[in-house]
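Engineer: One letter stands for each residue in the lines below.
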Amino acid sequence: MGIFDIYLPITGIHANVLLLILIGVTVGVCGGFFGIGGAWIVTPALNIFGFPMPYAIGTDLAHMGGKSIVSTIRHGKFGNVDVRLAVSMIVGTTIGMELGARLVMYLERIGLVESVIRKIYIVFLFLIGSYVLYDYISHARTRKKAANPGAEAAADVPQGETFAMKLQRINIPPMIHFKSAGITCSVWLPLLVAFATGIVASVLGVGGGLIRMPALIYFIGCKTLVAVGTDLFEIMVTGAYGALTYGIKGRVDLIAAMWMLLGAAVGAQAGTVAVKYVRGYSIRLLFAATIFIADASVLMKQLKMEKASSILIVSAGIIISSVILFLLIKGIVGEVGARRDKSG
Amino acid sequence: MSQEFWMLDFGYNARLLQSKIPNYDKGGRKILKNFHMLVVTVSWWVFTGTAWAAGAAPVSKLINVADTRFMEPGVSKWIADLYNANLWLYGITVVVVMAVIGLVIGLSFDKLLAATGIDLGKLDHSE
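Taken in order, these protein sequences are the chains called A and B.
Per our numbering, the very first residue in the first sequence carries number 1; after that it's consecutive.
Per our numbering, the very first residue in the second sequence carries number 1; after that it's consecutive.
Honestly, I wouldn't trust all of these hints.
As the list claims (entries may be wrong) - With the Cβ distance kept under 8 Å, some of the chain A side facing chain B (calculated, not the full set):
hint, residue
1, Ile10
2, Ile13
3, His14
4, Leu18
5, Gly65
6, Leu225
7, Ala243
8, Gly247
9, Gly250
10, Leu261
11, Ala265
12, Val273
13, Glu335
14, Arg339
15, Lys342
Said to hold, decoys possible - A few chain A residues that face chain B, going by a derived Cβ cut-off under 8 Å, partial list only:
hint, residue
16, Phe49
17, Gly50
18, Ile69
19, Val70
20, Val83
21, Pro173
22, Leu254
23, Ile255
24, Ala257
25, Val266
26, Gln269
27, Lys301
Everything labelled a hint here was simulated from the structure, so no lab data went into it.
Note that beta-carbon positions come from the ideal geometry of N, C-alpha and C, so glycine has one too.
With the sequences and hints as input, model every part of the structure.
Structural biologist: Now the structure itself:
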């Protein structure tokens with residue numbers, strides 16, 4: 001056994017501490033930056049390293065709660081968390097996830113669960129990723145036209161109402177103003193959007209952040225940064241509940257979770273602060289890339305390439321978190337340099 | 001306290017609440033809103049989680065015991081002994097430990113970042 005190898009008595013395996021910390025940093029950075037839990041990275045990573053699946057899920061949820069507290073506080077200080085909106089979403093998501101779980105049980109009883117769910121997942125994630133990418137490309141073209149000194153080009157910039165704006169105008173009481181998000185809409189809008197995303201997340205077996213974050217942007221009309229922060233608040237609550245319920249069932253390896261959290265807490269802060277230096281639409285571009293990678297990994301699992309799928313996920317997570325850390329360091333160096341020039 | 005007092009301040013009955021809370025303008029309003037949000041969040045969390053657990057199909061029990069026979073005394077052994085002794089207490093310990101570690105490390109790193117001189121105040125939300 002190497003010096004960084006430890007024995008985990010609850011799962012009954014040996015693990016490398018540095019790898020656990022690396023997984024934590026990777027998922028922490030991605031989670032703090034995108035406002036997601038990162039279960040789709042952690043669970044296969046732990047599974048590769050020998051964790052039985054229930055312990056991989058439980059240990060991930062446990063560390064997710066701790067990591068998300070840190071990110072939520074930082075995003076809150078940035079003004080990115082709309083607590084009212086998050087609470088409304090939690091209510092809707094919880095009910096939706098329960099209904100989704102019952103739908104899965106029904107599909108299982110009629111023998112359709114395997115054939116239906118994974119295929120829906122692949123198509124659904126592809127559609128989400130494609131739409132987010134299309135949105136980024138449209139926005140980039142619009143900005144390019146607006147930056148063009150030609151008067152005609154500026155006049156051609158479309159100023160249409162988004163789908164979310166149309167939904168916000170539906171007047172079903174009570175109408176609520178969500179201060180941080182800067183929107184006023186019926187409370188039924190976030191409740192129903194969260195209900196739908198909860199069903200989808202539960203049926204597809206995903207953590208929800210991958211679906212909820214774009215739903216906050218495209219159906220409720222949040223700015224990207226507010227969607228990230230608000231989603232993290234929800235993940236903090238659901239992660240804490242997941243830690244408790246899996247802990248009571250004895251499916252959390254607390255020692256492994258502690259080592260992962262060591263890296264994840266630092267990574268989450270880094271990922272959260274990185275949003276300061278990246279424009280909202282650039283976050284969406286990286287998010288689209290992340291969704292496509294998650295989609296590819298599920299497709300590989302469908303084609304019985306389990307190990308390759310897990311390796312793809314872990315490698316992609318490391319690459320994406322490295323990109324985010326690079327943007328953070330570049331941003332910090334730039335800001336500190338600018339301050340020195342100003343004061344000097 | 002009357003029903004009006006507990007009405008959530010979504011812009012409704014602001015004046016009624018204002019008249020009932022001391023130092024309302026000096027921060028009492030914010031404290032009430034934060035407290036109410038906390039109560040709502042925790043209540044929904046507990047209520048729906050309990051309902052969810054109640055509605056789930058019974059799971060076959062799998063007894064797992066942490067092997068502590070060859071472990072040296074220390075934090076790992078203490079955790080493993082707790083796991084073997086009482087899973088409810090273990091579950092609560094998981095939540096508390098994760099929250100404390102996350103907060104301590106995260107806030108320490110936050111201070112470190114602030115020491116670099118970068119501005120960590122409110123962000124502009126423009127896209």
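Engineer: Decide, hint by hint, whether the structure agrees.
Structural biologist: Do the hints match the structure? See the list:
{"no.": "1", "hint": "Ile10", "verdict": "5 Å, holds"}
{"no.": "2", "hint": "Ile13", "verdict": "11 Å, violated"}
{"no.": "3", "hint": "His14", "verdict": "12 Å, violated"}
{"no.": "4", "hint": "Leu18", "verdict": "17 Å, violated"}
{"no.": "5", "hint": "Gly65", "verdict": "5 Å, holds"}
{"no.": "6", "hint": "Leu225", "verdict": "5 Å, holds"}
{"no.": "7", "hint": "Ala243", "verdict": "5 Å, holds"}
{"no.": "8", "hint": "Gly247", "verdict": "3 Å, holds"}
{"no.": "9", "hint": "Gly250", "verdict": "5 Å, holds"}
{"no.": "10", "hint": "Leu261", "verdict": "5 Å, holds"}
{"no.": "11", "hint": "Ala265", "verdict": "4 Å, holds"}
{"no.": "12", "hint": "Val273", "verdict": "6 Å, holds"}
{"no.": "13", "hint": "Glu335", "verdict": "5 Å, holds"}
{"no.": "14", "hint": "Arg339", "verdict": "6 Å, holds"}
{"no.": "15", "hint": "Lys342", "verdict": "11 Å, violated"}
{"no.": "16", "hint": "Phe49", "verdict": "18 Å, violated"}
{"no.": "17", "hint": "Gly50", "verdict": "15 Å, violated"}
{"no.": "18", "hint": "Ile69", "verdict": "5 Å, holds"}
{"no.": "19", "hint": "Val70", "verdict": "3 Å, holds"}
{"no.": "20", "hint": "Val83", "verdict": "5 Å, holds"}
{"no.": "21", "hint": "Pro173", "verdict": "10 Å, violated"}
{"no.": "22", "hint": "Leu254", "verdict": "5 Å, holds"}
{"no.": "23", "hint": "Ile255", "verdict": "5 Å, holds"}
{"no.": "24", "hint": "Ala257", "verdict": "7 Å, holds"}
{"no.": "25", "hint": "Val266", "verdict": "5 Å, holds"}
{"no.": "26", "hint": "Gln269", "verdict": "5 Å, holds"}
{"no.": "27", "hint": "Lys301", "verdict": "24 Å, violated"}
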